[in-house]
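*Asks:* Line order of the protein sequences matches chains A and B. Counting from 1, one number per residue, gives the positions in the first sequence under our numbering. Counting from 1, one number per residue, gives the positions in the second sequence under our numbering.
Treat each hint with caution, since some may be false.
For identical chains, the list gives no copy identity; a pair is met inside one copy or between any two copies.
Unchecked claim - Once the Cα atoms are required to be at most 30 angstroms apart in a straight line, the calculated DSBU-like pairs of lysine-lysine come out as:
1) Lys-6 <-> Lys-75
2) Lys-20 <-> Lys-136
3) Lys-8 <-> Lys-20
4) Lys-75 <-> Lys-128
5) Lys-68 <-> Lys-136
Calculated directly from the structure, the hints in this document are not laboratory data.
2 protein chains.
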Amino acid sequence: MDTETKSKIIETARKLFTRKGYFNTSIRDISREAGLSIGAIYHYFNGKEDIAEYLYNDTLQFLMRNLKEALVDEKYAKEEFMRIIEVFYRLTDEFPDIMEYALYVKHREIMRDNRTICSSEPFEYIMKIVSDAIVKEEIRDMDPLLATATLMGLPIRLITLKLDGVIQDSLFNYVDETFDSCWRALRR
Amino acid sequence: MDTETKSKIIETARKLFTRKGYFNTSIRDISREAGLSIGAIYHYFNGKEDIAEYLYNDTLQFLMRNLKEALVDEKYAKEEFMRIIEVFYRLTDEFPDIMEYALYVKHREIMRDNRTICSSEPFEYIMKIVSDAIVKEEIRDMDPLLATATLMGLPIRLITLKLDGVIQDSLFNYVDETFDSCWRALRR
DNA sequence: GTCTATAATACGATAGAC
DNA sequence: GTCTATCGTATTATAGAC
Chain A
1 MDTETKSKII ETARKLFTRK GYFNTSIRDI SREAGLSIGA IYHYFNGKED IAEYLYNDTL
61 QFLMRNLKEA LVDEKYAKEE FMRIIEVFYR LTDEFPDIME YALYVKHREI MRDNRTICSS
121 EPFEYIMKIV SDAIVKEEIR DMDPLLATAT LMGLPIRLIT LKLDGVIQDS LFNYVDETFD
181 SCWRALRR
Chain B
1 MDTETKSKII ETARKLFTRK GYFNTSIRDI SREAGLSIGA IYHYFNGKED IAEYLYNDTL
61 QFLMRNLKEA LVDEKYAKEE FMRIIEVFYR LTDEFPDIME YALYVKHREI MRDNRTICSS
121 EPFEYIMKIV SDAIVKEEIR DMDPLLATAT LMGLPIRLIT LKLDGVIQDS LFNYVDETFD
181 SCWRALRR
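Using the sequences plus the hints, can you model the full thing?
*Replies:* Here it is, written out as structure tokens:
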């Protein structure tokens, strides 16, 4: 198992799926862009759907790993929220392909029996943090789902604007103002 | 020109493009679902891409018409923001297919030389309202783009959750709380 | 204006050589 | 492990009958 070849296939697929969409990307496109033959791709994956499933899990794990790393040692909601915004903005700057894949690609179209992004692990993880903050009275009392959407709505919107090219400069310039807006909406 | 037939094609295409994606929907799918022949469809449109372009413009016009109607007679930012949230939530309840199409379908994948949703007419219209509110000092001073994202981030996030089935009940139950969060973030 | 039939092409997947 | 050749199918779009 040549992991480098497999990785090359995955990263090429991520780029093409994000740029052109899953159904508009053919196995031939991936083989051409990756400089590999169709046979090589079928050696590592059972088909296009298999690539998409691997990519989906890979993306979720990537987000969870970065999210957990960012929140190590943080105890208070205020700092946790700041770290969450920071890590999402940093990832958007550094790995726009991955973030675009996570936000845009409609995984339900591709895979059967698939959870929505919103019931996926990263979303539940953040909602748990927000719920705890409500219980500990670090933010005002509100529906946990609404509170989570209040925290993530603005950052996700800005990430979308960045990925769409409406925002040109680094999202890191927006961390403080984003947090400020979110915190005004959530604080007691 | 039988406008009823044309309308049938458009609404079927909207439903299928939204549910299965543009590239995964064939002309045959549309003809089957609409109860029309392929020939009939090609009589009204020059092809799949032409349908998508018509649909795109139709959706933008629909949003603009409803947005303008909702804002008739409103003078103050606070009321305008409330009306904007209300109308988006009502449209999501009443026309989920249209809202899903507006939010989800990646039009850039489909049409060449196409503006992003964010530089489209409804977005610019809302940004103008927000900019005016800043000038009139009805909300605090901040970057207009960030202020617009602060206003729309949470509503768009909730609409996404509703369309994904995470939220089951009517979005109208969330109007007051949504506005409350947005206003806390924007008020002086 | 609506239909069926079909042409031309592209697709996912497989087979088998090396 | 990587390649080329190819099969069967589905696609967009067109032609021409009614």
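*Asks:* With reference to the structure, classify each hint as holding or not holding.
*Replies:* Hints and how they fare:
no.: 1; hint: Lys-6 <-> Lys-75; in the structure: neither (39 angstroms within a copy, 59 angstroms between copies)
no.: 2; hint: Lys-20 <-> Lys-136; in the structure: neither (45 angstroms within a copy, 43 angstroms between copies)
no.: 3; hint: Lys-8 <-> Lys-20; in the structure: both (18 angstroms within a copy, 28 angstroms between copies)
no.: 4; hint: Lys-75 <-> Lys-128; in the structure: within (14 angstroms within a copy, 40 angstroms between copies)
no.: 5; hint: Lys-68 <-> Lys-136; in the structure: within (20 angstroms within a copy, 43 angstroms between copies)
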